[in-house]
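Peer 1: Single-letter residue listing:
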Amino acid sequence: MASKAVITGVADTAVGKVDGSTSLGLQAEAAAAAVADAGLSLGDIDGVLCGYSFTEPHLMLSSVVSEFLGIKPSYSIAVQAGGATACAQVMQAAALIEAGICRHVLAVCGDNRLTGMSRDKAVAALSEVGHAQFERPYGISVPSAYALVAQRYMHDYGVTLEHLAGVAVAHRKHAMRNPKAQMRQPITLEDVAKSKPISTPLRLLDCCLISDGGAAVVISAADAARDTRKRGIGVLGTGQMNTHEHIIASPSLTDFGCKQSSRQAFDRAGVTPADIDVAEIYDSFTITLLAELESIGFFARGEAGPAILGGALDLDGQLPCNTHGGLLSYAHSGAAGGMFHVVEAVRQLRGEAEGRQVASPELAFVHGDGGILSAHCSLVLGRN
Amino acid sequence: MSKPLPQPNVVTQRFWSSCKDGRFEFQHCKACGHNQFPPRLTCTACHGADLDWLPSSGRGTVYSFTVVHRAPLESFKADVPYVIAIVALEEGVRAMVNLRGVDPKAVAIGMPIEVFFEPTEGEYPLPQARPR
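Which chain is which? The protein sequence lines are C and U, in order.
Count along the first sequence starting at 1, add 25, and that's the number in the numbering used here.
Count along the second sequence starting at 1, add 1100, and that's the number in the numbering used here.
Bear in mind the hints are in silico, worked out from the structure with no lab data behind them.
All the given hints hold, so there is nothing to weed out.
Listed next, the stretches of chain C that the computed footprint assigns to chain U, with coverage defined by at least 3 CB atoms under 8 Å from CB atoms of chain U: (1) 157 to 163; (2) 222 to 229; (3) 273 to 284.
Positions of the beta carbon are idealized from the N, C-alpha and C atoms, including for glycine.
Please take these sequences and the hints and turn them into a complete structure.
Peer 2: This is how it looks when you write it as structure tokens:
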């Protein structure tokens, strides 16, 4: 099916510790680079969707970003859905284009979370997503909430600590092929096992990074994309599901909305999980990815762990996944963390992934989750 | 900096007042029979507004747990390692607690617990749980 919305430009900034960076600066740099990648100019952008920032928060961030860029979009809005933000921005952009409201939409994110705030401050700020009355008085943090999922998931499906460690090692292996990645020194299963406990069963190397970085994509109407520089990548299917916000209100600790959001995206694209050539799936913690891979249906329950230890996520594996290194080893800078997954999927489909290129992929799947596996957004992208 | 304390509002005042009296209360929908916690204005199952407050037996089991080694706030640093658990109460509602009176290494899913009330620096005690 030919899609009406196509991704025409992608970019990300340097990631990791980017001295002197600011949230607005990272967003502007990524935006300009994505627009240039599309062969457009900033004046061609008529829609702006931005994420959120911890270091430069604002009530109307999208207006702030447009003002900083010097553009006057006819449609502008900020999207806040935690780790689902980037995919939700792309879904929203595609809907705006399909409705005929915009021609070229810029979706941009960026935050200097590493150099702009202390590690303690970043962890404390994230803990505020816990329920004010019924979670935060108990000392909850985001890692602890995911740890509650991990403990139950391991209990119900026989997942082991080694399976979780295998996810971390697989991501590091990908990052080692990516010169831009924040973490490139090799790690072993034993390194993960010996890394310091954060909130059992999760250890330091089960947790994502804290990074500076920005990323942006341009989504264009197919007929407006004929003049762009590179072949457009079709947004073939999108889906969302939102089941709760707080972990105490989650209907389940093992079954999540990614099942419905991905099914919606696959159905709209007219494909199945088995058709996907490369996947970029939110990996805030090792358990996040493992639970999502099994909930979405890429692996049967309890089978992702052993498969990953056998190389299933590698470039030549059953499902090459998070080929840039993911949030675990590439970088994680707030909403931009999810946008790195989108950018990587497009690079893979264009054949621009250099030393980490999957052999001629036709279809990519991208997924973001926000909160504690609360908000889910899925995309199916393809060479048009 | 002190720990985050319960801040009752119009929806939760009844719950926290009951904690002072040593009762853990949940909401029961008179229309469809659904039990729920945390408190809401309406039933999350049928969206009806006729909700009763019922006391829990305070008995339940550990549904999941984690031993926290890295505290998110300065005020919890002296407590590590501490146990956060989601407990499933007999009436079918789940709540977050800290598990007290148990070696963190001995905690397991399915462990029988009972709710008790722990004083805080504020006006209201916090429901917690211990093995029974």
